[in-house]
Amino acid sequence: MHFSRSKLNEKFLETLKAVFPILAIVLILCFTVAPIPPSILMTFLIGAVMLIVGMLLFNVGVELSMTPMGERVGTIMTKTRKLAAMILIGFVMGFIITISEPDLQVLAGQIPSIPNLVIILSVAAGVGVFLVIALLRMLFGVALSHFLVLFYALVFILTLFVPRDFLAIAFDSGGVTTGPMTVPFIMAFGIGIAAIRSDKHAADDSFGLVSLCSVGPILAVLVLGMIFNPGQGESVSESIPVVDNTVDLWKLFTRGLPTYIKEMAISLLPIVLCFGLFQMVSRDINKTTLIKIGIGLVYTYVGLVLFLTGVNVGFMPAGNYLGQTIARLSYAWIIVPIGMIIGYFIVLAEPAVFVLTKQVEEITSGAISAKAMGTSLSIGVSVSVGLAMIRVLTGISIMWFLLPGYGLAIILTFFVPKIFTAIAFDSGGVASGPMTATFLLPFSMGACGALGGNIITDAFGIIAMVAMTPLITIQVMGMALKVKESMLRRKVFDKKTAIPLEAFGDMEIIEL
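Here the working numbering is used: the first residue of the sequence shown is 867, the next is one more, and so on.
Where hints are given, some of them may not hold.
Straight line, CA to CA, 27 Å or less: simulated DSSO-like cross-link-like pairs of lysine-lysine [claimed, not checked]: (1) Lys1224 to Lys1237; (2) Lys1224 to Lys873; (3) Lys1153 to Lys945; (4) Lys1224 to Lys1158; (5) Lys1224 to Lys1348; (6) Lys1237 to Lys1350; (7) Lys1117 to Lys1128; (8) Lys1237 to Lys1348; (9) Lys1158 to Lys945; (10) Lys1117 to Lys1224; (11) Lys877 to Lys1348; (12) Lys1237 to Lys883; (13) Lys873 to Lys883; (14) Lys1158 to Lys873; (15) Lys883 to Lys1153; (16) Lys877 to Lys1224; (17) Lys877 to Lys1117; (18) Lys873 to Lys1237.
Just so you know, the hints here were simulated from the structure itself, not pulled from any lab data.
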């Protein structure tokens, strides 16, 4: 795949459109209701530049490397027709890729009373098991909604036996572990597996892997909460750096950069090794394609290093300080609409959102546009951040939001075309990525700390909320399209020639 200058310009403009609104909102807040020190503003601006360059390189790299790698591995694995081998490979891949996800290290450090290694291995095993379940579902053509009802029912039953202090972190884990490293590979893996099926629902079933892989970590962490019974603990909070001059500013970023250079090398290595092993066995990829994949991997690596350094060093302190400043205002309620505006735009800057919206548009041949997907995600995340800020202000338990939210999402699965259910539940894991973890979570923690709230119970959970609302908004979009199709059909056909809805496949419904 060759990238022309016009293609690069297009991706650069896409990246600017995604990042500029959040940059503008933060600057407006800084110069109006929420003044912040110049040093934090400078780290934020440098972080924003790194984020833009990193996202651009990441998007180019994913298209050149991660997508073709995932598709080839999925296709080759399925062609073996050996179920035992497929189950073993699926589990190992899920396990290895999850361990390599950098956000999992952050999650492990935030859970009190449980050793980090225990959390990492348990969550990785959870993802491995559920990747196998998702793979078997695709191969045997079982409806995704049946699995979602079963496993989310199990999740909410387990919440009855887990300490309240632990619930928000457990649900956060589902969103954190499906990050920018795992999502592109797992989604392409699903497309590769679906490619060997010739039935009309193959395209629908190419989605849904991320959604089931998001359930595994929640169940794993809830079970750990029952075994270790962790009580109230203090969260690991990032201190806000004090920068007195430009040399200190430079040192701040140069100290952070080596950390993410090492983390991303560790993250990419297992995926490269898996792909290399498959290539050695199958030898079905020519030298030119392998060179392009290699170049794409370099782009992906450099892009993620710059992106993660930018958001962790530059965005995290700004988010925390803004949350503190706004919460201390005499009209602290304003944090709800401000949070909703930030949430609306920030999701578009998530690296994996680019991957999801583009793949949805390609798989559906433009029937579900990337723009429609982006708008639905933005509305969902906007609502979720607003609700999270209400929790910060009031201390309401997260279960008052998650139970009805997931209940509604699962009820909708029985009324919308299958493809929308799969895309919606995939979107939940995709929307809650590093931008949420490094800006929205510190924003929520800063506000909670300023108000004297309990950070563990009231600030954590924002990732879980961000992962939940797209399940509803994207399925509502599917419902609206289904109703529109029904009205259109009534206009086109009279009663004698009307075609029953069951005669149409999900893709045909969308196209109509």
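Going down the list of hints, with the structure as the test:
no. : hint               : result
1   : Lys1224 to Lys1237 : 10 Å, holds
2   : Lys1224 to Lys873  : 14 Å, holds
3   : Lys1153 to Lys945  : 22 Å, holds
4   : Lys1224 to Lys1158 : 20 Å, holds
5   : Lys1224 to Lys1348 : 22 Å, holds
6   : Lys1237 to Lys1350 : 19 Å, holds
7   : Lys1117 to Lys1128 : 18 Å, holds
8   : Lys1237 to Lys1348 : 18 Å, holds
9   : Lys1158 to Lys945  : 24 Å, holds
10  : Lys1117 to Lys1224 : 37 Å, violated
11  : Lys877 to Lys1348  : 32 Å, violated
12  : Lys1237 to Lys883  : 12 Å, holds
13  : Lys873 to Lys883   : 15 Å, holds
14  : Lys1158 to Lys873  : 16 Å, holds
15  : Lys883 to Lys1153  : 36 Å, violated
16  : Lys877 to Lys1224  : 12 Å, holds
17  : Lys877 to Lys1117  : 31 Å, violated
18  : Lys873 to Lys1237  : 18 Å, holds
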